[in-house]
Amino acid sequence: MALRPGTITRAWLLVLAVSAAMALGVPARWQGWVTPMGVLVQTLVAPVSGPVTRLARWVAPVVPPRPSDEQFAVIEQQNHELRTQLLAQIDENARLRRQLESLRLVVPSNNAVVDMLPARVLGASSDLAGQALTLRAGSRDGVTTGSVATVDFTQILGRVVSVSPRTCTVLPITARNAQDMECVVVLDDTTTVRCRLVPTGKGLLRGDLEDKRDASGAPIEPRVGAEVRLSDPSRWPADAQMLIVGVVESVEPSPRQPLRRVVAVRPTVPDLTRVGEAVLRIPSRDDTRHAGASVRDGAQGGGR
Amino acid sequence: MSWGVFALFTWCALGLELSLRKALSIGHAGIAPSFVWCLLTIVAAQAPAPRVLWAGWILGLLVDFTFMLPLESGADARVIGPHALGGAAGAYVMLSMRSLMYKRSPFAMGFLALAGCAAAQLVVVCMLTLRAWWLDDMAWGVMRELGARGASCLYTGAVMTVLAPLAPVLQRLMRMSMSHGMMGGTAARL
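So the protein sequences, as listed, match chains H and X. Numbered per the numbering used here, the first sequence spans residues 138 to 441. Numbered per the numbering used here, the second sequence spans residues 97 to 286.
Isolated chain H, as found in the complex (with noise of 0.2 Å):
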């Protein structure tokens, strides 16, 4: 059925003109101004969002069941912290025992000191394929561009792509436009697997698996269970390395490389873009003062 006559004025048709070309004609780039935009109007509809989010999580709640006893769950999470420490340690001294041996070159540790920023989730992207969360902290809380974010402290939960000065949106490392990982499937203190993940789309992460044998020259592989985590120091920050990326569901022959084996890792949370609250990883104001002081002592070395 056609319209009547008036309907599409001349300014509707500018509109939808005007429209078009942006939509087509005007690169992602030379629309940064949207951005803005669009945090205002998150941050404008976050009284509606919030409270909804928070009742949604309170009844479907998606973080794995804790256990009954308090203490005991304290302790686990110290234990889960520490052996992320760790493993992050064993993982720097090796790095760093290459580089010696390689280049006779001392790099200093930059392992960092982070404060932890629990943040409520806000909201998740109005369209209908979007995965992006909005966390409520911003660049006033100390939020950054690739800040990382976790879920119960250990569990990487994806980074930081844009702040505003209350709000931050993150997007989770399963959404299927996430950048690659470089991760190490852990089987036990001392050994581990390395692969590269990519995010499937359907709340996975898919990637070859490192050829590693034993000394008796059969191939090593994980365990469907086993812990995946990351080590991907060129890209992530440093405080991230060894953090949870997930856990191996299964392990299946390549389909491009017979011999070579394919590893899929889920996330130890169900679904990554349903949580109801994340702990942002944010570098520490003590640290800062930390490294002045430390170079001020270098330079006084130095010049004594």
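Hint data in this document are derived by calculation from the structure and do not stem from the laboratory. Given the structure is predicted, the values throughout are model-derived calculations rather than measurements. Beta carbons: idealized from backbone N, C-alpha and C, even for Gly. A portion of the hints provided could be inaccurate.
[Stated by the list, open to error] For the chain H half of the interface with chain X, some residues (derived, Cβ under 8 Å), not all of them: (1) Ser-156; (2) Ala-157; (3) Leu-161; (4) Val-178; (5) Ser-263; (6) Ala-269; (7) Arg-277; (8) Val-298; (9) Asp-408.
[Stated by the list, open to error] With a straight-line Cα cutoff of 25 Å, these simulated DMTMM-like cross-link-like pairs (lysine to aspartate or glutamate) come out: (10) H/Lys-339 / X/Glu-168; (11) H/Lys-349 / H/Glu-389; (12) H/Lys-339 / X/Asp-232; (13) H/Lys-349 / X/Asp-232.
Given the coordinates of chain H, work out where chain X should sit on it, guided by the hints.
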């Protein structure tokens, strides 16, 4: 139609869109209902045609503001246009169909939402596919998007069917004239 009340409902619908949609989603493909589309359906069922078109464009524009393009780099980039044009197209489809519908049936509202949402998503997928082709490096699969968005449209239609009893109340609050829109008792008598 009162634009002030419409703005208030838009605020609520967008808030629900950003919060409740994830909680109601099915699987990891992002199949979820759209509350913004439910609001547009309620408007499109009764409001004068020019206002419905403007409402569709405005709601689409707000979705554009809050939608991150799935760039390969993972950066936060948003563009104006795809959803705004989709909203206008969806509103046009709903306007074209509303006189054929029987307004007292909740299924008519559900079907109207489904048809409008499907038209809008088709426009959005076309626009973003063209963008992925010549403008931006995007993690974009046409068939995957059509599948997920088609299922989301069905879901939106189902949610609109459930919400249909609220429509007359919201329309009255928005001071919509009963002289426009879907058919009343004529279809029932026929």
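Here is how each hint holds up against the structure:
no. : hint                  : result
1   : Ser-156               : holds, 5 Å
2   : Ala-157               : holds, 6 Å
3   : Leu-161               : holds, 6 Å
4   : Val-178               : holds, 5 Å
5   : Ser-263               : holds, 4 Å
6   : Ala-269               : holds, 5 Å
7   : Arg-277               : violated, 18 Å
8   : Val-298               : holds, 4 Å
9   : Asp-408               : holds, 7 Å
10  : H/Lys-339 / X/Glu-168 : holds, 16 Å
11  : H/Lys-349 / H/Glu-389 : holds, 15 Å
12  : H/Lys-339 / X/Asp-232 : holds, 23 Å
13  : H/Lys-349 / X/Asp-232 : violated, 38 Å
Comparing the model with each earlier hint shows violations of hints 7 and 13; every other hint is respected.
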